[in-house]
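Hints given; two lone chains; assemble the complex.
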Amino acid sequence: MKRLVVLLILLAVPALAVLPGERLADPALEARARVLGQELRCLVCQNQSIDDSNADLAHDLRVLVRERLVAGDSDAQVLAYLTSRYGDYVLLRPPIKPTTWLLWFGPPLLLVAGGLAILSAWRRRAAAAARPMPLSADEQARLARLLKEGG
Amino acid sequence: MRRLPFILPLVLFAVLAGYFALGLFRDPSILPSALIDRPAPDFILPGLAEKPGLAKADLAGGVALVNFFASWCAPCREEHPLLMRLASEGGVALYGIDYKDKPEDAIRLLAQLGDPYRRIGVDRGGRTFIDFGAYGVPETYVIDKEGRIRYRQVGPITQEDYERKLLPLLKQLGAS
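Those protein sequences? They're chains W and A, same order as listed. Mapped onto the working numbering, the consecutive letters of the first sequence carry residue numbers 577 to 727. Mapped onto the working numbering, the consecutive letters of the second sequence carry residue numbers 116 to 291.
This is chain A alone, in the form it adopts within the complex (with noise of 0.2 Å):
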């Protein structure tokens, strides 16, 4: 018990240069969001050119990804062949939503590249990407079948966030 007094700064040191020690190996520019299982947020957006456009009533009836893109983006340039995929290999409804971009550019990129997306949605002003937490391009959600905000990918899905985060999440969810 005399001990106590030299033993605990020493507990306490170990416990902060734990968290430390665990802070060094996460990326601080992944933010968790704070909508995880609340409710997708209520928007209603205009489409590219003459097609329909996005509101949050489309997503209803399944499970539905929602990315954020513009055509100034490079990253994701990189994530198109996945999205690509995702849409034509079907099960999941994939929704994109265009942010503060030329409506002209983002055709012209869809017109090279494909467009993976069900219906698309432009977000000029950027309110309805404050509105979901959004902070940077790609962005994309997965929202359940009852509306809510299940997960949340910062930047271009890669193949291994494709294979062990997005698919699992995806079958647990009940998309076929």
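Chain W with its partners taken away, still in its complex shape (with noise of 0.2 Å):
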């Protein structure tokens, strides 16, 4: 029983808004709608995909995907129709130009000037570490007064 359980629950796929009367009858063709429409943001509900969102817009951007691939559209072909609309907002993924650098290699970049940091950090501390600590004034005294006597 909990096997069956486990089973049903691995089983489980996201419920998405595409509707039966949305499908193509290609399987090969909808299989491609299906991941150009994980890739789209329904402008709507903003962060969900046009295949999660069940708004009127997505429904229709839905139907605009298959209407371009069944046209004979390549994938990208159906990214820029819509990107020329709505922007590269319409994308989940934004695409990596000089606009987002920031984005895609700002984090990269503050995880790589932190770990420098604390290595740099850590190396000057190992350096002081094997240097020879200076004496006390108390230790100076005791050896020069040392050194006396034994002269």
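Note that these hints are calculated values from the structure, not bench results. Heads up, a few of these hints could be off.
Have a look at the derived ranges for each label pair, beta carbon to beta carbon [what the hints assert, rightly or not]: (1) D142/A / D649/W: 40 to 46 Å; (2) P684/W / F140/A: 23 to 29 Å; (3) W698/W / V130/A: 22 to 28 Å; (4) D142/A / L592/W: 26 to 32 Å; (5) R669/W / I145/A: 20 to 26 Å; (6) K286/A / P596/W: 48 to 54 Å; (7) F140/A / T676/W: 20 to 26 Å; (8) G162/A / P603/W: 39 to 45 Å; (9) D664/W / L137/A: 17 to 23 Å; (10) R118/A / P670/W: 33 to 39 Å; (11) R239/A / D664/W: 28 to 34 Å; (12) I694/W / Y134/A: 20 to 26 Å; (13) D664/W / R118/A: 37 to 43 Å.
Covered stretches of chain A (in silico footprint by chain W; criterion: 3 or more residues with CB under 8 Å from a CB of chain W, positions within the stretch not fixed) [claimed, not checked]: (14) 118 to 130; (15) 141 to 155; (16) 243 to 252.
Cβ atoms here follow ideal geometry from the backbone N, Cα and C, with glycine treated the same way.
Written out as structure tokens, the structure reads:
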């Protein structure tokens, strides 16, 4: 029984808003439409893809994507068709270009800078530890006394 | 120079924090249009009932406002008095695109509140709406004499939007 439950949980796939009527008869085209649908942002409910959203506009965009695919567009052409109308914002994965460099490379850069800071601090401490400690005033006096007594 | 590894993350953090602080004061539901300074999309739409429709060719020759509206859209009623004022003051041609609406509902709305539009196109399928890169109603586009989109208003035009943004822009574009 437990195994069955686990199996059923593993089999569960996220519920998509794609309606049966929107599906294409050609499974290959439909599969491409699904991949594209996950990449495209629903502009009404901004953090959902058009496949996840049941907004009216998302439905229209799903139908539009399928129309373009049936008309023979490549995946890139479909995305270009939508970005020419809605801008890069319609893509859930922003493209890498000068205006998005900070977005893409900012966090790794911060990580590297922080790592370097830690590394250099650690090195300096290690170097300090390796150097002999200078004698304190008391020790200096005691050393002078010992040397004098010995000599 | 030895302090650089300590100062650099701090500077990066300050820059990021600055960006986030700016973001706090912006409304994320208002998106910039990708069509600014680009030609308005081509469209040919049928009219309401027996009236003539609206096509891109109708916009030629002057500064035009294209307003997406619908009878089922509450904020559209909010901006309606302002649209009526715009239409009566003249100078700029105001066109309407009725989005995903039943024609009889749209006709009833305009009979109730008045019809500010020079021409109305009916976009039942919502395709022209997508071609404009619109994502909600109401939305209003300012199109210059050369047929390029110069401004997009997302949501109803408020008195402040009208005085601070629309009027100066219309003046600048030469709509008298």
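Checked hints:
{"no.": "1", "hint": "D142/A / D649/W: 40 to 46 Å", "result": "violated (34 Å)"}
{"no.": "2", "hint": "P684/W / F140/A: 23 to 29 Å", "result": "holds (28 Å)"}
{"no.": "3", "hint": "W698/W / V130/A: 22 to 28 Å", "result": "holds (26 Å)"}
{"no.": "4", "hint": "D142/A / L592/W: 26 to 32 Å", "result": "holds (29 Å)"}
{"no.": "5", "hint": "R669/W / I145/A: 20 to 26 Å", "result": "holds (22 Å)"}
{"no.": "6", "hint": "K286/A / P596/W: 48 to 54 Å", "result": "holds (53 Å)"}
{"no.": "7", "hint": "F140/A / T676/W: 20 to 26 Å", "result": "holds (22 Å)"}
{"no.": "8", "hint": "G162/A / P603/W: 39 to 45 Å", "result": "holds (41 Å)"}
{"no.": "9", "hint": "D664/W / L137/A: 17 to 23 Å", "result": "holds (19 Å)"}
{"no.": "10", "hint": "R118/A / P670/W: 33 to 39 Å", "result": "holds (34 Å)"}
{"no.": "11", "hint": "R239/A / D664/W: 28 to 34 Å", "result": "holds (29 Å)"}
{"no.": "12", "hint": "I694/W / Y134/A: 20 to 26 Å", "result": "holds (25 Å)"}
{"no.": "13", "hint": "D664/W / R118/A: 37 to 43 Å", "result": "holds (38 Å)"}
{"no.": "14", "hint": "118 to 130", "result": "holds (count 6)"}
{"no.": "15", "hint": "141 to 155", "result": "holds (count 7)"}
{"no.": "16", "hint": "243 to 252", "result": "holds (count 6)"}
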